[in-house]
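Asks: Given chain A's structure and the hints, the job is docking chain B onto it.
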Amino acid sequence: NAGVTQTPKFRILKIGQSMTLQCTQDMNHNYMYWYRQDPGMGLKLIYYSVGAGITDKGEVPNGYNVSRSTTEDFPLRLELAAPSQTSVYFCASIGQGNEQYFGPGTRLTVT
Amino acid sequence: AQRVTQPEKLLSVFKGAPVELKCNYSYSGSPELFWYVQYSRQRLQLLLRHISRESIKGFTADLNKGETSFHLKKPFAQEEDSAMYYCALMSLWGNAGNMLTFGGGTRLMVKP
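Protein sequences, first through last, are from chains A and B. In short: position in the first sequence from 1, add 5, done, that's the working numbering. In short: position in the second sequence from 1, add 803, done, that's the working numbering.
Chain A with its partners taken away, still in its complex shape (with noise of 0.2 angstroms):
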């Protein structure tokens, strides 16, 4: 299995673009989360999907959007990009036991 894959790795925009990070997960698992992890503040979860078709916010919600067409790919939209998006991107699932697996991270840098 390749676990959760994300891409892609790096990417600099400039105010006011849009982009799409991906998110793949090839262990069928429903759960799947988006965070954010910001210097110093943990990471805190933008959105989160439940399964195939079912998608439901986070704590940052704000500025982004998903979707979830099927179990696989859970992509996150950002349609105008503000510097307070300059961050580094998670995607997770949850398999037994509640662990999370997590992506290798999308650094993203707007100016």
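A hint or two may mislead.
Unchecked claim - Here are the simulated BS3-like cross-link-like pairs (lysine-lysine), alpha carbons at most 27 angstroms apart as the crow flies:
| # | chain 1 | residue 1 | chain 2 | residue 2 |
| --- | --- | --- | --- | --- |
| 1 | A | 19 | A | 49 |
| 2 | A | 49 | B | 876 |
| 3 | B | 812 | A | 14 |
| 4 | B | 914 | B | 868 |
| 5 | B | 860 | B | 914 |
| 6 | A | 62 | A | 14 |
| 7 | A | 49 | B | 868 |
| 8 | A | 62 | A | 49 |
| 9 | B | 914 | A | 49 |
| 10 | A | 49 | B | 818 |
| 11 | B | 818 | B | 914 |
| 12 | B | 876 | B | 812 |
| 13 | B | 818 | B | 860 |
| 14 | B | 868 | B | 818 |
| 15 | B | 860 | B | 825 |
These aren't lab readings, by the way, just hints derived from the structure by calculation.
Replies: Frame of chain A, contents of chain B only:
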């Protein structure tokens, strides 16, 4: 609302010294707590969870409900233990699903 606090951003020890990374939580329900580790340039990975009471890589953590703490300990630190450590609390979020609330993390540096 749930909260996880890791009071130390950086902990520096010498190889062979004991290590204790502190974690305190606040949660109205019955807590399910985890420690995650992130080595340099790698993804977060589960280190241990309180319900399994296991020891991984020599690390242990005991849940103390009276003090609302879940400190991570290791009697003899190794250089390869140098990493970021995150304490996390599992709780219900929204209509369904479990969410992890993370502390701010502690960077452990083990010096030779």
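Asks: Determine for every hint whether it applies to the structure shown.
Replies: Taking the hints in turn, this is what the structure says about them:
| no. | hint | result |
| --- | --- | --- |
| 1 | 19/A to 49/A | holds, 23 angstroms |
| 2 | 49/A to 876/B | holds, 25 angstroms |
| 3 | 812/B to 14/A | holds, 26 angstroms |
| 4 | 914/B to 868/B | violated, 33 angstroms |
| 5 | 860/B to 914/B | holds, 18 angstroms |
| 6 | 62/A to 14/A | holds, 24 angstroms |
| 7 | 49/A to 868/B | holds, 24 angstroms |
| 8 | 62/A to 49/A | holds, 12 angstroms |
| 9 | 914/B to 49/A | violated, 31 angstroms |
| 10 | 49/A to 818/B | violated, 33 angstroms |
| 11 | 818/B to 914/B | holds, 6 angstroms |
| 12 | 876/B to 812/B | holds, 16 angstroms |
| 13 | 818/B to 860/B | holds, 15 angstroms |
| 14 | 868/B to 818/B | violated, 31 angstroms |
| 15 | 860/B to 825/B | holds, 18 angstroms |
When the structure is compared with the earlier hints, violations turn up for hints 4, 9, 10, 14 and for no others.
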